[in-house]
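S.K.: Here is what each chain is made of, one letter per residue.
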Amino acid sequence: MDIILDNIGLYRDGLLKTLQICLYAGIGSLVLGTVIATFRVSPFPPLRATGTAWVTVFRNCPLAVVLFFCAFGLPELGIHGAYFWFGVSGLVLYTSAFVCEAVRSGINAVPLGQAEAARAVGLTYAQSLREIVLPQALRSAVPPLGSVMIAMVKNSAIVGAFGVGGELFSVQARLTSAQGLALIPVLLGVAAGYLIITIPAGVALGALERRLAVVR
Amino acid sequence: MLFDRPGPRTRRRIMVGSIVTGLGLGALAILVLVRLAAGGQLAEEKWGPIINPANPLFVALWANLGLALLNNIEAAVLAMALSMLLGTVLAVTRISLPRWGRWTVVAPMEFFRGLPVVIAIFFASRILPELGVDLPLLWYLVIGLTAYNSVIIAEIVRAGVASLPRGQSEAAAAVGLTRGQALRAVLLPQAIRVMLPALISQLVVIFKDTSLGFVILYGEAVRFVAIAIQELHNPLQLYLTIGAIFILINYLVGRLAVWTEQRLTHPGRRGVAAQEPAAPTGEAMIAGTSTAGG
Chain A
1 MDIILDNIGL YRDGLLKTLQ ICLYAGIGSL VLGTVIATFR VSPFPPLRAT GTAWVTVFRN
61 CPLAVVLFFC AFGLPELGIH GAYFWFGVSG LVLYTSAFVC EAVRSGINAV PLGQAEAARA
121 VGLTYAQSLR EIVLPQALRS AVPPLGSVMI AMVKNSAIVG AFGVGGELFS VQARLTSAQG
181 LALIPVLLGV AAGYLIITIP AGVALGALER RLAVVR
Chain B
1 MLFDRPGPRT RRRIMVGSIV TGLGLGALAI LVLVRLAAGG QLAEEKWGPI INPANPLFVA
61 LWANLGLALL NNIEAAVLAM ALSMLLGTVL AVTRISLPRW GRWTVVAPME FFRGLPVVIA
121 IFFASRILPE LGVDLPLLWY LVIGLTAYNS VIIAEIVRAG VASLPRGQSE AAAAVGLTRG
181 QALRAVLLPQ AIRVMLPALI SQLVVIFKDT SLGFVILYGE AVRFVAIAIQ ELHNPLQLYL
241 TIGAIFILIN YLVGRLAVWT EQRLTHPGRR GVAAQEPAAP TGEAMIAGTS TAGG
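Protein chains in written order, with the working numbering: chain A, 1 to 216; chain B, 1 to 294.
Here chain A stands alone, though its shape is the one from the complex:
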C-alpha cells in the first residue's frame, strides 16, 4: 500500500495520460463511426459497400495489429509522427467500427414511420437523416455506445503496452524495472487506476440506460 501512496503522483499522471488518449480517441471514433454508420444506411451503393468493408476490416482485425501497422507501417509510407498520435489514430480506426455498429443498431431501432413521415413532408434523404432519424437513433444508441467507450478505455492499455510512455500501464514498468519495487502492489495500483474509470462508468451507464429507455 505504501508503494502506491509513495508514487501516487506517478499514478495520477498515468491516469491523466490514459484519460487524454481516451478523450482524443473517443471524440475521433464517435465522429468517424457516425459518419461510417450513415454510409452503411445510405441509398448510394458505393457508400454502403465502403461502410461495410470498413466495419468488416476493423472489427475483425486485432487492435495490436492495427497499432503496429500505424506505428511501423505508416512511416514506410512517408507518414511520420509521434507514437502518441499513431496510438490514438489506431485506437480511433479500431473503435470507429464498433461505434458504427452501435449507431446503426440505434438507426434500426427508430420506427420506420419516422423516416416515412419525413419523406412524406418532402425532406430529402440527408435532411430526414439529420433532422429526424439520427437524433432519435443516437438516443437509443447511448447504451451500446457507452459499452463501446468503456471497452475503448480498456483497449487504451494496449496502446500503452506497445509504447506510449507515461500512461497508466507503463507506470508499472517504470516502478518495477527502474526502481525495483515489489511487483504485486505496483500492479494492483495499475489495476485500481483502470477500475476507477471502468466500474463507475459501468454503473453510470446502467443508470443512464434506465433513464433513456424509450417506451415504443
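Read the hints as simulated data drawn from the structure, not as lab findings. A quick note: this is a predicted structure, and the numbers were derived from the prediction, not measured. Hints are not guaranteed to be accurate.
[Claimed, not checked] These stretches of chain B come out as covered by chain A in the derived footprint (C-beta under 8 Å, 3 or more residues):
1) 2 to 14
2) 29 to 42
3) 74 to 80
4) 151 to 164
5) 186 to 199
6) 221 to 230
7) 236 to 246
Every residue gets a Cβ at the ideal spot worked out from N, C-alpha and C, and that includes glycine.
Since chain A is already given, all that's left is putting chain B on it; use the hints.
M.R.: Then chain B, alone, in the frame of chain A:
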C-alpha cells in the same frame, strides 16, 4: 429502409455515380501504387518472401507463420473451453445463491470485467511466478484471457437462462427438482441453443485477443511478425498480411455466428411455436408500421 425504392431517374444517377466512384477509386489505387513503387515498397525483397514461392525465404516465412498462428489457435481454443466452463459455473453459482450472498461472485466478476485484458495477461505472467506457480507462457495467456472472457460468458449464460419461458423453471420445480437440478437438467440445455450465436461471436473476441500474447513474448503470430520484420525490413507488407489473415479467419467465424442465429430464429424444421399460420407479409408490414408510428 430509410429511402424509397429508386425510380428510373435515380437509378440512372446511382449508376453514373457508381461508375464515377469506381473510376475515382481506381485512380486512387493507381496513385497509391505509384507512391508505393516510388518509395520502393513494391520491390521483390519486400513482397517476395510473402507472395513469391520461388523466393528462398518464402517457405521458411510461411512455415513459421503457420506454426505461430497455430499457437494463437491453441490459446484461443483453450481459453474458450475454460471460459465456457468457468463462465457456466459462475452463472449457475450466481443464480443459485441467495440474494445477500451474490456479491461473493459479483465482486470478482466486476473486477475482471473492468480490468483490461492485456493487463490481466501481463499480471498472470508476472504475479503467478512470484507466487511460485511456474507455467509455460501459453498458460499465462490462457489464464489472462479466461479471467476476462469467463465473466462475459457468465453474462451470456445468465441472459440465455433468463430468456427461457418462466414455465420451464416452474415445471421443473413442480416435479420436485431443486434449483440446481432444474438448471442442469432443464434450463441450461435449452439456453445453450439461444446462446450459441453469442458464444461463437465471443470466440472472435478471444481469437483477436490472443494477439496480445506479444506482451508476454508468447510465440504467437504478431510477435513472430515483429521478429521477422527485423530480418526482412518490410513492416508494411507483413502487417498487412497478418491483418488480412486475422480478418479472413474472424470474418468466417463471424459468418458462422450469423448463420447459426438465422438457423435458430428461422429453423427449417418447424417447432411447436411455428405451426400457427404466418400472417401475410403485407399485412404484417402494415401492422408493424402502425404500431411503430403510434
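S.K.: It remains to establish, for every hint, whether it holds in the given structure.
M.R.: Right, here's what the structure says about each hint:
no., hint, in the structure
1, 2 to 14, "holds (count 6)"
2, 29 to 42, "holds (count 4)"
3, 74 to 80, "violated (count 0)"
4, 151 to 164, "violated (count 0)"
5, 186 to 199, "violated (count 0)"
6, 221 to 230, "holds (count 4)"
7, 236 to 246, "holds (count 6)"
The structure shown violates the earlier hints numbered 3, 4, 5.
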